[in-house]
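Can you make the complete structure from the sequences, with help from the hints?
Quick note, the sequences are listed as chains A and B, same order. Going by our numbering, the residue at position 112 of the first sequence is 112; the numbering climbs one at a time, nothing skipped. Going by our numbering, the residue at position 103 of the second sequence is 103; the numbering climbs one at a time, nothing skipped.
The set of hints was computed from the structure by calculation and includes no laboratory data. Just so it is clear, CB atoms sit at the ideal spot from N, CA and C, and this is done for glycine as well. Do not take every clue at face value.
If you anchor each label on the Cβ, the simulated ranges turn out as follows [said to hold, decoys possible]: (1) A:26 to B:93: 47 to 55 Å; (2) B:93 to A:22: 37 to 45 Å; (3) B:327 to A:4: 54 to 62 Å; (4) B:42 to A:42: 37 to 45 Å; (5) B:294 to A:26: 31 to 39 Å; (6) B:86 to A:78: 35 to 43 Å; (7) B:16 to A:22: 44 to 52 Å; (8) B:254 to A:22: 15 to 23 Å; (9) B:298 to A:4: 28 to 36 Å; (10) B:16 to A:26: 49 to 57 Å; (11) B:242 to A:22: 26 to 34 Å; (12) A:35 to B:86: 27 to 35 Å; (13) A:78 to B:77: 43 to 51 Å; (14) B:66 to A:42: 27 to 35 Å.
A few chain A residues that don't get close to chain B, going by computed Cβ distances all over 12 Å [what the hints assert, rightly or not]: (15) 65; (16) 107; (17) 108; (18) 132; (19) 177.
Here chain A is said to cover these stretches of chain B; the calculated rule only asks that three of the stretch's residues, wherever they fall, bring their Cβ under 8 Å from a Cβ of chain A [what the hints assert, rightly or not]: (20) 58–66; (21) 309–317.
Residues per chain are reported as follows:
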Amino acid sequence: MLGDGILKGLAETARNFFGSYVSRDRLTTIQYPEQRDPQIEAARSFPFLVFDGADWQQGLRCVSCQICEKECPPKCIFIEKSKDKKPDAVGKPQFYPVRFDIDISVCMSCQICVEVCPFDAIKMDVDYDLSTDDRFGGLLLDRQRLAKSNEHYNKIHPTEAAAVDAALAEERAKAKAAAEAKASAAAKAATEAKAAAVANPAPAPQPAAGESQ
Amino acid sequence: MTQTLDQIFVLAKHWLLGFLPAAIQPFCSALLSVVAIILVFATLFAITTWLERKGLGRMQNRLGPNRVGPCGLLQPLADGIKSLTKEDIVPAAADHAVHFMAPVLLVAASFLGYAVLPIGRNMVLTNLNAGVLYFFAVGSLMELAVFMAGWSSRSKYSLLGAMRAIAQMISYEVPLVLASIVVILHTGSLSTVAIVDRQAVYTGIWPHWFVFTPWGLAGFVLFMVAATAESNRSPFDLPEGESEIIAGYYIEYSGFKFALFFLGEYIGMFATSAMAITLFLGGWAAPFSFLTWVPSYLWFFAKLLAIISAFIWVRGTLPRLRMDQLMNLAWQFMLPMTLINLLAAGVWQFMPAGVARWPVCAAIVAVPFLLLARGLKQKRKFQLRTYRFSQ
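Structure below.
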C-alpha cells in the first residue's frame, strides 16, 4: 500500500523518541565541559617538553640539538641555543634551550619531533581544548608553557613513559658506572703515581693535574 | 462559571473597551484583537522552535538544547538576541528596497490569515462570509514575498530556491484548496465561524467533526500533505534544501531579517494548521460532549499543538523529496485524489442520511486510492542512467 513505508518510519522515530526517555543508554551525549570521555592512551595533540625533578628550568631534558627544529615539516619550532652548559638528565654537561617556542596554530601534530628526539625530551600531550581569545600570542607556546613534568608524561602515556624511564635509568646507571670506573682508575693511577713518587721523589706535582680531570 | 471562563477574553475586551469613547471603539476593538493574536502566535513560535529542537533531538537520541534556562527553555530568547545582534548584510548587487520588503511582507502575509480563524467561541477577528476564500488568497501572498526575496538577492542559489518554492507552492495550492472544498460543499458556507458551528454539535458523546466522515478523513490527510508542502516543511523543504542550495531563497539574508523569514514560515505553518483544525477537526469544539466545560480556546490550542507535534514528527522521519517526485506527487496523486474526494463528498450530500452512504463514500475514496497507488508504483522503471557528457 502507498504510505506504509512512511508509517514504518514514523513508528521508528516514535520508538526513538520515547525510548530516549526510558533508557538512559540510548542517549550517547556527553555534557562536554563538565563530563569528558576518558582518553585512549594513544591520544596526542601537541608536543610538550619533559623535565625531571621539581624545577622545570633545571630538569629540562632538551639539550637544544635542534634536530626537531630542522625536521619539523611546517616549521613551527623555534630554538635558541644557550652559550653555557649545564648537566643534562644523564649528568653530562650539555647546552640547553634559552628559547624554545612552538606555534601550535601551525603545528600539525605529526609527532616527527618526538620521533627524532634522541634525548626523549619532547613528547606529545593530550590537551585538546586549547582555544584562546589571543590568536597569535595565545597559541605561541614558550619554554615555560611547554615544560611539563615527567609525572605528567607518566600519567598521560603510562606504558610509553615507563619504557622511556627504564631506558633513561639504564643510561644513567651506565654513565654512573663509567664515571665510577673512571674515578677508580684515576684514583688507582694517583695512588700508583704517589707510590712511584714515594719510591723516587720528583719535583713536579703531577697527581693534582690527573685528579682534576 | 464555565461560561465566564470560556468567554473571559471576550468579556475582558468588552470591559476594556467600555472605558473608551464610542467613536473609536471599533478601531480599538480590532487593534486589541490584532495585538493579542500577534503576541500569542509569536510566543507560540518561540515555544515551537524549542519543541522542535527538543523533539528532533530526542528522535535522534540526542538531548536537544539544555543549556539556556531550565531544560533549555530560554533558548528561543537567546536565539532572538543572537539574531538581533548579528550584522545585517545586504549584497552589493541586491535590490535594496525589495530585499528589505520581502521578509516584512512574508510576516505580514502570514499574519493576515489569522483574521478569519476562530480561536475560540466568539473569538474571531472578523467573521467574513468568504473567510476560507480570504484565507487562501492572503496565503498565496507569501509566494510573492518568497519570490521577492529570491529575485532581489541577485544570487543564483536564492533565485533557484525561489523558483523551486514558487513551483512547489503553486502546485500544492491546487490540492490544498480542492481538499478544503469538500467542507464548503458540505456546509454550504465559506464562513469559518459557520463551518466550526456545524461541527460543534454532538450525537451522544461523539462530535460531528468532518474528519470522522470518509470524505473528511481523506480531505484532512490530503490537506495536511498539501499544507506541509505549502509551508515548505520537511519532507517538502526543497526551497530551503540545505544540502543542495544551502538555504534557498533566504541565503542572502542574515541577522533579524533571517529570523523574520523563520517567523513568517512558522506563522504560516500555524495558520494552515489552524485552518485544517477549523475545516476538519472541529475548530474550538471539544472532542466529546462531556468535555465541553473546558474553555474552547484551550481545545483550539491543544489541537494546534498536536498538529505541530505531528509536523515535527514527520520532519524527524522523512528524507527530502526530489523535485520530480514532488511534482509527481502533486499532479499525479494529490490532484486526482482531491477530485475523487470531491466526488465522494458530492455523493454523500445527495445520498439519504443513514448507514448506506458510509461504505459507498468510503469505497469511492479507498478504491481509487489503492488503484492509483498501485499504478504509480508499477510505472516506476529502474534503468541504468546514461550521461551524455560525463562518461
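Taking the shortest Cβ-to-Cβ distance between residue 65 of chain A and chain B, state whether it exceeds 12 Å.
48 Å, holds
Determine whether the Cβ-Cβ distance between residue 254 of chain B and residue 22 of chain A falls within the hinted range of 15 to 23 Å.
41 Å, violated
Given a hinted range of 49 to 57 Å, is it respected by the beta-carbon distance of residue 16 of chain B and residue 26 of chain A?
51 Å Cβ-Cβ, so the 49 to 57 Å window holds.
8 Å C-beta criterion, at least three residues: is the segment 58–66 of chain B covered by chain A
It holds: at least three residues are needed, and the segment 58–66 of chain B offers 6 whose Cβ sits within less than 8 Å of chain A.
Assessment of proposed distance window 54 to 62 Å (beta carbons of residue 327 of chain B, residue 4 of chain A)
23 Å, violated
Is 44 to 52 Å right for how far apart the beta carbons of residue 16 of chain B and residue 22 of chain A are?
48 Å, holds
If we take the beta carbon of residue 108 of chain A, is the closest beta carbon in chain B still more than 12 Å away?
30 Å, holds
Taking 37 to 45 Å as the stated bounds, is the beta-carbon spacing between residue 42 of chain B and residue 42 of chain A within them?
52 Å, violated
Taking 28 to 36 Å as the stated bounds, is the beta-carbon spacing between residue 298 of chain B and residue 4 of chain A within them?
35 Å, holds
Status of residue 177 of chain A, Cβ more than 12 Å from any chain B Cβ:
The claim holds: residue 177 of chain A sits with its nearest Cβ about 61 Å from chain B, beyond 12 Å.
Should the hint that residue 26 of chain A and residue 93 of chain B are 47 to 55 Å apart at their CB atoms be regarded as holding?
For residue 93 of chain B against residue 26 of chain A, whose Cβ atoms are near 49 Å apart, the range 47 to 55 Å holds.
Can you confirm whether chain A covers the segment 309–317 of chain B, using C-beta to C-beta distances below 8 Å and requiring at least three such residues?
Held - the segment 309–317 of chain B has 4 residues with a Cβ nearer than 8 Å to chain A, which meets the minimum of three.
Violated hints, in rising order: 2, 3, 4, 8; the structure is consistent with all others.
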